[in-house]
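Novice: All chains, please: the whole structure from these sequences, using the hints.
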Amino acid sequence: MTRRLLLSYLTLAALVLVCLEIPLGFVYSRGERERVINAAKDEAESVSAFASLSISAGRAAQDLPERAAHCAERIGGKVLIVDERGSLLASSHPLTASEERGLASWPGIAAALQGTATADVRTSTIGGVQYLAVATPVRHGVEEQGAVRITLPTRMVSERVHHVWLLLALGGLAALTAVAALGFVIARWTGRPIRELEHATHELAVGGAATPVAITKGPPEVRSLAATFNRTAARLEHLLASQRAFAGEASHQLKTPLAALRLRLENLENDIALNARGSLTAALTETDRLARMVEGLLAMARLDESAAERETVDLGRVCAERHRAWTPLYEQHGVWLALAGDYAGEVLALPGAVEQILDNLLSNALRVAPPGSTVSIDPRHQTPRTPHERRFPHRHPSRPAGPAWVELHVMDEGPGMTEEQRRRAFDRFWRAPDAPKGGTGLGLALVQRLAHASGGEVTLRPAPRGGLDAVVRLPAVPALPGVPAPRSARPLETAAPGRR
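Position one of the sequence shown corresponds to residue 1 (the numbering used here), numbered consecutively onward.
Label-pair restraints from in silico Cβ distances:
#: 1; residue 1: F26; residue 2: A180; range: 25 to 31 Å
#: 2; residue 1: R223; residue 2: A259; range: 50 to 56 Å
#: 3; residue 1: L95; residue 2: L167; range: 39 to 45 Å
#: 4; residue 1: P464; residue 2: T256; range: 41 to 47 Å
#: 5; residue 1: A404; residue 2: L7; range: 35 to 41 Å
#: 6; residue 1: S56; residue 2: V121; range: 29 to 35 Å
Source of the hints: derived by calculation from the structure; they are not laboratory data.
Since the structure is predicted, the reported quantities are computational estimates derived from the model, not experimental observations.
Glycine included, each C-beta is placed from N, C-alpha and C at the ideal position.
Specialist: Here it is in C-alpha cells:
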C-alpha cells in the first residue's frame, strides 16, 4: 500500500511539473530567440545607416571595411556590405572569388537589394537558436540601394537555453525528491494502521487471538475502520468461545443421557409385552440415530472451531486400515468390500480427516448396498496434462509426470441418486425420499467440510454398475526426484462372506 500511495503522489507531482516546466522552458526559449533577433536587427540597422552615410559622402572604400571589422569583432559574428549590384564593398572575413561573384544571389542579400529586411533563424528542438542571419537594405539614393548582412554566433544563446532547461530539470527532480520524501512519510502514516489491520485480520483468520488494533493512528476513516474491526473481532471471539464451550459441554451433557436412555430401554425388554416389542425396537433405533446425529454435530462443531494445519497422510495405508476395520461388518450384511488400485501415495489432509471421510462414505454405502453386491475403495492418480500433452507425451518431457491430485472413489451398487438429489446430498439433515432408515443427513455434509478443509473437494457421480460413485479429490504430495513410487503388492483385495 505504501508503494502504491507513493507512486500516486509521484505521478501527480510529475504531471504538475511537466505541465508547468515545459511551457515555461519554451516561453523562455522564445523570448531569448526574439531578444537575439531584435539585437541583430538593431545592429544591422546601425551598420546600414553608417554605410548609407559613407556611400553618400564617397568614403565607402575607406570607412566601410573598418566599420565591418569593428562591428564583427564586437558582436563576434560576420558582416557583409554590398552595393546595389551585389558587388562586395566590405567584409569582416575573407571570401573566395566564387562567393564574391554570387553574393547577389544569396537569399537574404537578394531580398535586401529589393528593399526587404529579412531574418533567417533556425531553432533546435527545445527552442535554442542554431543559426541566425539578418539582412537589411542600405539606401543611399532615390533608387540605388545596397545591403548589409550580419551573421551572429548562436553558441551563447543555445548555452543559455540549455542551461535554463537543465535548471528546470534539476528543479523538477528536486521537487520530485521532496514530494517522494514527504509522500513516503504520509504513506507510512496512512498505511501503518492498514497494515496493523491486515496483520490482525490474518491472525484472526488462521485462528489466532483477536488482538485489538490501535485506533489513534491514521486518517479518521481508518480509525473508524479500526474501531469497527475491534468490535467485530471481539464479537467473533465471543461467538467462537461460546461455540467451543458448547462443543465441550455438549459432548458430556448429551452423550451420557443418551447412553442412559438406551440402557433403560434395553432393561425394559424383558418386562414389555410381545406386541409392544416393535415399538421398543423403534425407540432403540431412534436413540441410536439421535446418538449418531449428536456425534455428527459435535464433529462439525469441532471442525468449525479447529485451525489445524494439513499434514502428510499415506492414503494407501489409511485405505487398507479402514478396509480391514469395515470388512467384518460388511460380511455380516452379505456385501463384498473391495480395495482396488495401485499405490495411492501421500496426500495433504487434516489430521484424521481421511479416516472420517472413509468411515462416513463406507457407512452410507453399506446402508444402501443390496446383499451380494460389491462396494469398492479405489484411489487413483490424476496427472494434470493438457489433451495435446496426453496425446503426444514424448513432445513434453519437461512436464512433471507425478500426480498433482489423488482421487478416492467409493462406489456402491445401490439405487443411486438423481442429478437433483446429488446436488442436495451435501446439505445438512437432507435425506433422499427413498433412503433407508437410520441415517442422520450429516454424513455427506461432514465429508464435504473435511474435504474442503483439507484443500480438496468431493463430488457424487453415477457409478459404472449403477449406484453411486463418491469421489474425494485431495492434493497429492509431490514425489522426490529420482525416488520411484512403490507398487502395491495387492492391486485388488476383496472381502466377501465365506471368501478369505
